[in-house]
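Protein chains: 2
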Amino acid sequence: MEIEQILDQIYALPETSKLKLQNCVTEINYPKGHLLLRADKIETNIYFIRKGIARAYSNRDDNEVTFWFGKEGDTVLSMKSYVANQKGYEDIELLEDCELYELKSEKLQKLFQEDIHIANWGRKFAEKELVKTEERLISRQFRTATERYKELLIDYPHLIQRVQLGHIASYLGISQVSLSRIRADIK
Amino acid sequence: MEIEQILDQIYALPETSKLKLQNCVTEINYPKGHLLLRADKIETNIYFIRKGIARAYSNRDDNEVTFWFGKEGDTVLSMKSYVANQKGYEDIELLEDCELYELKSEKLQKLFQEDIHIANWGRKFAEKELVKTEERLISRQFRTATERYKELLIDYPHLIQRVQLGHIASYLGISQVSLSRIRADIK
DNA sequence: TTTATTTTTTAACAAATGTAAAATGCTCTC
DNA sequence: GAGAGCATTTTACATTTGTTAAAAAATAAA
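In order, the protein sequence lines correspond to chains D and X. For what it's worth, this note's numbering labels the leading residue of the first sequence as 2, then goes sequentially. For what it's worth, this note's numbering labels the leading residue of the second sequence as 2, then goes sequentially.
Treat the hints with caution; some may be incorrect.
Pairs involving identical chains hold if they fit within one copy or between any two copies, as the list cannot separate such chains.
[Stated by the list, open to error] With a Cα cut of at most 25 Å, we get these calculated DSS-like pairs of lysine-lysine:
id, residue 1, residue 2
1, K151, K133
2, K151, K81
3, K129, K52
4, K111, K52
5, K52, K188
6, K151, K52
7, K88, K21
8, K88, K125
9, K151, K108
Read the hints as simulated data drawn from the structure, not as lab findings.
Produce the complete structure using the sequences and hints provided.
Structure follows, in structure tokens:
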């Protein structure tokens, strides 16, 4: 997906504003395994995945807990860094070679003060992230691990082949043995 | 807390913008038990709790699951309604007599188009809700029910006396019997 | 205060989940 | 294609959690 379309989908902008916003974006590629965002740094930029998949994880008593997967079209950011200029929770690792758009926050913040359309774009951006994050919370609160595993299979059909089951198990909040049992049951 | 302070804390506004925004707000009181937001309706307004406590819950196979508590100073809204004009997940019930500020979304949306400062206020509002929602997700993903119960005791010290333990158990994602065991262990 | 009603805790058992270790399957290299 | 190195599944067992029902405690009503 092209950057213009991604930005437009968040909030339609008049031509001049659109150009100003696109000026904050650069294309960038990284190889599989690259750490795009690091939990120990303040990461204020926003990325959009043009191609590839990624995961966010956090270290909890010497083992990793995965709590997000991202695929083509998804947004990558450290919310706490972007919003509050503080360290976030996540390391974000690319699970395969990725093509990304990088939106520089510094430039963006300036535009928020200058251009009402871009300010509203930023508002809509945050609002849409808010709804997505709520959906993640609802999924965690209301659905069983089995339901969430099936959900994952549907939403990310290619993920299973590329991600270790240990990561998926931690995402679901269960042990890898339990996930194996779920997989055996589903068949 | 006064409304001026609540609004200012989200994002500082110049005087004229502040007055315009305050014009969208009215004070309103409701008794204990009142349903402030309903899951079967589109609820676009935003409320701020001036005094009292509330909870959000959803009906899941004929029993209620609580997934949010709100206290003095907290924001009440249906994210999906406010952002996407769709029905949300939650019924929101007042757990005691409440004094609220009601921010009318219809008026607010107009101001977003007219006043860049208010557009940025709306951006910051969504961003702060985003960080709060992420924090709820992180808490659910990383912490045990026991840890989250202790967290709740600290963050909402008066809640326990006013909320049935069944609601708290569903909030923690465990049965009421398990919560009783946790409470017995902690002593 | 006594009674009735609701809420919380406890008990007993069944079911689900975790842990550790062994077995199986898969991939890659030589 | 044999073997090394991982990833995944399976097994066996211990622990935790849920369910149901009953007892105890707390709250409200008479």
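- Item | Homo-oligomer pair classification [K188, K52; C-alpha up to 25 Å] | Classified as neither; 31 Å inside a copy, 53 Å across copies.
- Message: Within, between, both or neither: how does the pair K151, K108 come out at a Cα-Cα threshold of 25 Å?
- Response: Result: close neither inside a copy nor across copies, 40 Å intra and 42 Å inter.
- Can you give me the call for K129 and K52, within, between, both or neither, at a CA distance of at most 25 Å? within (21 Å within a copy, 29 Å between copies)
- Message: When Cα atoms must be at most 25 Å apart, do K111 and K52 count as within-copy, between-copy, both, or neither?
- Response: Intra 29 Å, inter 37 Å, cutoff 25 Å: neither.
- Query: Under a CA distance limit of 25 Å, which applies to K88 and K125: within one copy, between copies, both, or neither?
  - Reply: both (23 Å within a copy, 18 Å between copies)
- Message: At most 25 Å between CA atoms: does that hold for K151 and K133 within a copy, between copies, both, or neither?
- Response: Within. Shortest intra-copy distance 18 Å satisfies the 25 Å Cα cut-off; inter-copy 28 Å does not.
- Task: At 25 Å max between alpha carbons, let me know whether K88 reaches K21 within a copy, between copies, both or neither.
- Result: neither (28 Å within a copy, 35 Å between copies)
- Classify it for me, K151 with K52: is the Cα-Cα distance of at most 25 Å met within a copy, between copies, both or neither? So K151 and K52 pass the 25 Å test inside one copy only (23 Å; across, 42 Å).
- Can you give me the call for K151 and K81, within, between, both or neither, at a CA distance of at most 25 Å? between (30 Å within a copy, 24 Å between copies)
When held up to the earlier numbered hints, the structure conflicts with 4, 5, 7 and 9 and fits the remainder.
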